[in-house]
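Participant: Chains as they are written, first to last, in the numbering used here: chain L, 2 to 490; chain B, 57 to 186.
Note that these hints are calculated values from the structure, not bench results. Treat each hint with caution, since some may be false.
[To be verified] From chain L, some residues computed to sit far from chain B (all C-beta separations above 10 Å): (1) 61; (2) 149; (3) 298; (4) 357; (5) 395; (6) 413.
[Said to hold, decoys possible] Which chain B residues face chain L? A few, computed with CB under 7 Å, are given here: (7) 93; (8) 95; (9) 119; (10) 120; (11) 121.
[To be verified] Pair ranges (Cβ atoms, derived): (12) 454/L / 62/B: 33 to 39 Å; (13) 89/B / 465/L: 28 to 34 Å; (14) 68/B / 203/L: 19 to 25 Å.
All C-beta atoms in this analysis are idealised placements derived from N, C-alpha and C, irrespective of residue type, glycine included.
What follows is the residue order along each chain.
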Amino acid sequence: MTEPTLYELSSQGRPGFRFPQPDVPLTPLPEGFLRKDLNFPEVAEVDVIRHFTRLSRLNYSIDQGIYPLGSCTMKYNPRINEAAARLPGFAHLHPLQPVETVQGALELMYELQSWLAEIAGFAAVSLQPAAGAHGELTGILIMRAYHQSRGDSARTRVLIPDSAHGTNPATSAMSGFQVVNVPTDAAGNIDLAVLRTLCDATTAGIMITNPNTLGLFDQNLLDAIALVHQAGGLVYGDGANLNALLGVARPGDLGIDVMHFNLHKTFSTPHGGGGPGSGPVGVAKHLVDFLPGPIVEIVEEGDEDMPPLFGLVQPKKSIGRVKTFFGHFGMFVRAYTYISMHGPEGLRAVAENAVLNANYLLARLRSAYKVPYDRTCMHEFVLEGRWEDAPEVIALDISKRLMDYGVHPPTNYFPLIVHDALMIEPTETESLQSLDAFADVLLKVADEAHQSPQLLKDAPHNTPIRRVDEVKAARDLVLCCWVPEAESN
Amino acid sequence: MNTPSDRKYTQSDEWVKLEGDIATVGVSDYAQDALSDVVFFEAVVSVGDTVQAKTQIATLESVKAAADVNAPLSGEVIEINEDLASSPELVNSDPYGKAWMLKLKVSNPAEYDALMDAAAYEAYCAGRSH
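Please construct the entire structure, taking both the sequences and the accompanying hints into account.
Facilitator: Structure follows, in structure tokens:
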């Protein structure tokens, strides 16, 4: 790949932008505020457009093909979401407008709060958090505030299964808790015998991902929840894998006290650089007062002639604001559109097809790849990307080779409890033909691993950039493309 | 997998070699293989600190994952390997030699007896093949 950077394309005196004549008197900046060392690139508009168009063609996206990144739910983002988000009445709002002038937007937020609460079985939802990990932090802070409000300061430990997303322990540590690891048993469930020994008066709660990151419905879930509740702890649900449960099971009904949703996974808003995330948090009844605010409520009931008046309300014992303004509103419009489009039956079909697609792929791949925890999976599954009779090949080589066939690799090396994990989540939006094409490539690569392993070790061969040196990239960081003159001497 | 028999091992994959009351600590060949290419090493304790067994003494990061290194034994930190911060790849190339991480003056040598010997550790690793 030889695409230069904008700095390399820059030519002095060739700006892509000209300032309009000012309609106020020109006033020079005061002495000391002007900097001469700002090295802005000067590039004509046409060259900027060509630069980014070339870069976009080097990219891979869900609009090009399957994106089976496990635990990420890279589902297709329906175009109708974009049409709705661009409606001028939504797109041109200002967050400081008086509430009387934004009633439509508030009604949408109110309904989205209600729908998410109904879908997952919670008493209330706050839309504020900006991403999944932000939702986790919010949820754990709510749990902390709950214990503190009861004067229960002894609860200093959060239990986290060893299959959890890394954000779970990071969130707990950041919230001031001690992280305690809970092992996975041989069947891929939470090890109840160990959990029983860990639950006591110091347990603030547990963070559970269900289905877990092995793609399995935790068969010990209800017992685990009961153990933690009996010890006085709360149960946090990591909603990353909610796509498998939509319309089938409700986390709130299973006993989960607080959970974040990933609108950018389950509810088809853009994901992975395509747009900001959104991580609303839902809570059971006893935690409603602790939600971050403001949330949208009906502040004046309507009647036959007048619609209700929606307003912004701060819950009574709120942990406070976790985001400027009201969260990522554009994502609320997209998720609202997606839920409206599907309806209850459609959402259930999403989950059923996501699970069916994953099991179909697993059935096709089982003969060629080792499945460390092999039982009926949910929306994703984990293979081992390593064979005893092809010892030099590792998961990374398989993934690089997949790129040669125009396929995005699955999640690598996660969960950590599986060596050389390949975590595959096809999502419901892939057709039978697309699934078959993907399976065919994986089977072919497994065959190549045994017949001509060097082909995998040297992969990718057909991509704009060949194998990158990940070790060098991690060790020799280049974090700045230019250094201000004052510091470069 | 290489497992020298002149030292003992923990369930969290550290090795410890005891000479008199001085313990040298590192991570096993199994651990470096599971982590793959190590790109970062940082001791989280300093010379003179007293550490308890099973508490964190260092952080390792590879291209795949980050991992805590725990003290196999309790004692006082008397030396830290200064080369590892600039050459973390030694953990992959020489886990039992140049990639020693720190030395402890142990306070409770009885803890050493409770650790696994090479044969027990190999069996332990074989038992968690997934």
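Participant: So residue 395/L supposedly isn't at the interface. Is its beta-carbon more than 10 Å from every beta-carbon in chain B?
Facilitator: 8 Å, violated
Participant: Verify this label for me: residue 298/L is non-interface relative to chain B, using a Cβ-Cβ cutoff of 10 Å.
Facilitator: 42 Å, holds
Participant: Return the status of the interface hint for residue 121/B: holds when the least beta-carbon distance to chain L is below 7 Å, violated otherwise.
Facilitator: It holds, given that the least Cβ distance between residue 121/B and chain L is near 6 Å, below 7 Å.
Participant: Please check whether residue 68/B and residue 203/L have a Cβ separation lying inside 19 to 25 Å.
Facilitator: 22 Å, holds
Participant: Tell me if residue 120/B is really an interface residue toward chain L, meaning its C-beta lies closer than 7 Å to one of theirs.
Facilitator: With Cβ-Cβ at 4 Å, under 7 Å, it holds.
Participant: If we take the beta carbon of residue 413/L, is the closest beta carbon in chain B still more than 10 Å away?
Facilitator: Answer for residue 413/L: violated, closest chain B Cβ roughly 8 Å.
Participant: Is the nearest Cβ of chain B still more than 10 Å from the Cβ of residue 61/L?
Facilitator: 20 Å, holds
Participant: Given a cut of 7 Å on the nearest C-beta pair, is the interface hint for residue 95/B held or broken against chain L?
Facilitator: This hint holds: residue 95/B lies near chain L, its Cβ roughly 4 Å from the closest one there, short of 7 Å.
Participant: Holds or violated: the hint that residue 119/B contacts chain L, with Cβ atoms closer than 7 Å.
Facilitator: Where the cut-off is 7 Å and the nearest Cβ of chain L is about 4 Å from residue 119/B, the hint holds.
Participant: If I take the minimum Cβ distance from residue 357/L to any residue of chain B, is it greater than 10 Å?
Facilitator: Holds: least Cβ distance 26 Å, greater than 10 Å.
Participant: Any Cβ of chain B at or closer than 10 Å to residue 149/L, or is the non-interface label fine?
Facilitator: Per Cβ check, residue 149/L is outside 10 Å of chain B; nearest 27 Å; holds.
Participant: Return holds or violated for the Cβ distance of residue 89/B and residue 465/L against the range 28 to 34 Å.
Facilitator: 32 Å, holds
Hints 5 and 6 from the earlier list are contradicted by this structure; the remaining hints agree with it.
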